[in-house]
Amino acid sequence: MLSEELVDLSRLQFAITAMYHFLFVPLTIGMTWILVIMESAYVMTGKTIYKDMTRFWGKLFGINFALGVTTGITMEFQFGTNWAYYSHYVGDIFGAPLAIEGLMAFFLESTFIGLFFFGWDRLSRKQHLLVTILMAVGTNLSALWILIANGWMQNPVGAEFSYVTMRMEMVDFWAVLFNPDAQAKFVHTVSAGYVTGAMFVLSISAFYLLRGRDVEFAKKSFRIAAAFGFASICSVIVLGDESGYTVGEAQQTKLAAMEAMWETEPAPAGFNLIAIPNEAEMKNDFAIEIPWVMGIIGTRSLDQQIPGIKEIREKNRERILSGQIAVGALEKLRKNPADAETKALFEQHVGDLGFGLLLKKYVVDVGTATPEMIEKAVADTIPRVAPLFWTFRLMVGFGFLMLALFGAALWSSVKGNFANKPWLLRASLWMLPVPWLSCELGWFVAEYGRQPWTIYGVLPTHMSVSTLSVGSLYGSLAGFVGFYTLLLVVEMYLMVRFAKQGPGSLGTGRYDNEYAHA
Amino acid sequence: MLFDYPTLKLIWWLLVGVLLVGFAIMDGHDMGVGTLLPFVGKDDVERRIVINTVGPHWDGNQVWFITGGGAIFAAWPLVYATAFSGFYWAMLAVLWALFFRPVGFDYRSKINNPTWRQTWDWGLFVGGAVPPLIFGVAFGNLFQGVPFHFADNLMPYYTGSFWALLNPFALLCGVVSTAMITFHGAIYLMHRTEGAVQRRTQTAMLIFGSLLLLAFSAAGIWLWQGIDGFAIVSTVDPAALPNPLDKEVIRQPGAWLANYDKYPATLLLPALAYAGTLAAMLLAVNRATLAAFVASSLAIVGVIGTAGASLFPFVMPSSTDLRSGLTVWDSVSSHLTLNIMLWATLIFMPLIIAYTGWAYKVMAGKVTAAYIRENDHAAY
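Listed in order, the protein sequences are those of chains A and B. Numbering-wise (my numbering), the first sequence opens with residue 1 and increments by one. Numbering-wise (my numbering), the second sequence opens with residue 519 and increments by one.
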């Protein structure tokens, strides 16, 4: 059996490398469209200031992009290095969107980002704008494909298990592609990226305005960010709600855990605004409930019930018992594929195979699992409630806070008086970290909420890892954390330096702070 | 579906080869430039000239590596799982070396401080030199078999150590690979520079071209005389559902050269390696640098093709549990997935080649000291 330490370290390494990567990705996604907007203004009006805006914000975008690429290299290979059994077991489905992401999106994004930076003097205005648009399209397509892959982990449609090849195999590519989980996730995630880009431009522009520097440049940037940010945060919230709905269908467990819903309530269920979940006794020690809201979000109806944690556990117990039979039959079939009786038994229970594999955490021969082991496996099927409950609420709270900020920023932009509102400028500046926090929290809710599975209902996390030594994991984990932290420090240093210097860093002679260029 | 399962398995062996060759030609030339950077650029302006020859393109080129990884995941999931987890520290060394490139290119010239810039120059050197060295070493180990086996549920177990990978034959293959990539990079650099940088690069080009010819010959002789190959002795059904445990394999002297007897046309591959390298050296000395780049690209086809053809049908033989060795027949994904991935490749690969070509056309011409001075704030 695989040691729990190995599994925990593999998870920790993936979580850390993914969360580092996700510090850079949302800003890249959002900035590409902001650059498209600014450059379109340049091409339409011919005003140099819009070109300077594209180039200056593009410079900051480039500093961020470099680390996005760096940390992204790891992600493409980490499934193989650290999740070998996962890669074998679901590579037939999961590998395809990853490869198509490379072919369709990464090449487009990365080829045109080179021309974006180096092509200003060699391309006509319209050609350069086209380059910027293609860069943005490539960036956003990469988000689409990776979320199709991730959506399949949450809701594994269009695939079947084959006992000959010992893996999941694709049977319907279109089902994988149009997985409703993936589609809702895609729009929610890229919109969150747009919000991050907008907040970045809004905050730094507010900083210049507070200092009274490069006022015209900052005002134009602020207006674009306010409008783009407001539209994006609305999309995040609406599509977050749509994710809530699809989560409700494919992954009731995640929903129940992040809402701390222990009991199945009569429809429509209430929404726990705040609660103190008590995992040991499976109840909330304290809760403020808003009636009806949960049922409407989760089912889009007034009469469908949402199952609570206790009910889900009982269903899972049945599935684990059935899966126990499936695993036993599978192991017999592997030794003697001609055994028709075993094959029939296996096919009857194959749908619960993944649940049977949950027992592998406790015993090699799952047929001999004791009632205590089964009880433990049942308990494992529910992720820990308190971390999900609170991270989810924090994310949503941040979302509405940003809605308020972008609403105020847009309103003042329309009235044209934002530059005289120091409180708004200060709020914009101080809220700079909020979208990053929200993005990381959202990632946590999605991935932690899927536990104990890597592929929901199909493959448990503890079976997915590579059979590496614990020492190797400590070594690589230390290497990644050390390397990434060093690079992050360098990146932040450059980012702060150039953001502080402002458009003067372009060396055009048109802006304040030209002297500061090194 | 257009092709039956055995044909698709073969096509995917060829396509993985195409991706690997594409990676070596495209990402290879900018890695070679990175390796040469500290040696052919003597002052800051010269180094910026060197860096800016690949400045607009390195990122797009690196996607060959990323996509190669993704395609192996999709088409050969067992290889992706077994090779990358087995070669864990080697793989991490490649990734960590590559980390220096995006930041090295983008951050180096943003601060005007000699220590800062020199540090990143050496970072770009590491990012250029280490990956080809390790890929060569990995290939060298494939020829000797890799110590891994599968459990009944096909969970892979690697039982060797990292240090055992660094054996003499593997290191020789590392030299072949590094020489090939650096040589190719030198030819590209000669194409995009002039004057002193170009002169110094020519010297490097001649050194690494000669080293490639020598090391490639030495590895060939060693493989012929000193390394036992692997051969499948049970009947292979190429149409069967992939199951790597369902075959019988033996070790046999000379087995790695058996394909050249069986399919004499494959001898064209090593011939191409020699002819391409020699032609590239000659053309580059005579300043027909673009033609030289085509020739050195063909040399890469020859070298990688020779490795692939010798191993065929093996991809990753096992030295400790012979039947666990992975082949083009039994490490692949399903018929449907191979088919979908073929269509994706057929649709997108021509587009990629077209717009990459356009990007190079836009940026064509020599990178000069005047260009660097005029673009002090924008260039790398």
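Bear in mind the hints are in silico, worked out from the structure with no lab data behind them. Please note that a few of the clues may not be correct.
Unchecked claim - Using 25 angstroms as the maximum straight-line C-alpha spacing, the simulated BS3-like pairs for lysine-lysine come out as follows: (1) B:879 x A:126; (2) B:765 x A:332; (3) B:560 x B:765.
A quick note: this is a predicted structure, and the numbers were derived from the prediction, not measured.
Results of checking the hints against the structure:
1. B:879 x A:126: holds, 17 angstroms
2. B:765 x A:332: holds, 20 angstroms
3. B:560 x B:765: violated, 57 angstroms
The structure fails hint 3 only (numbered hints given earlier).
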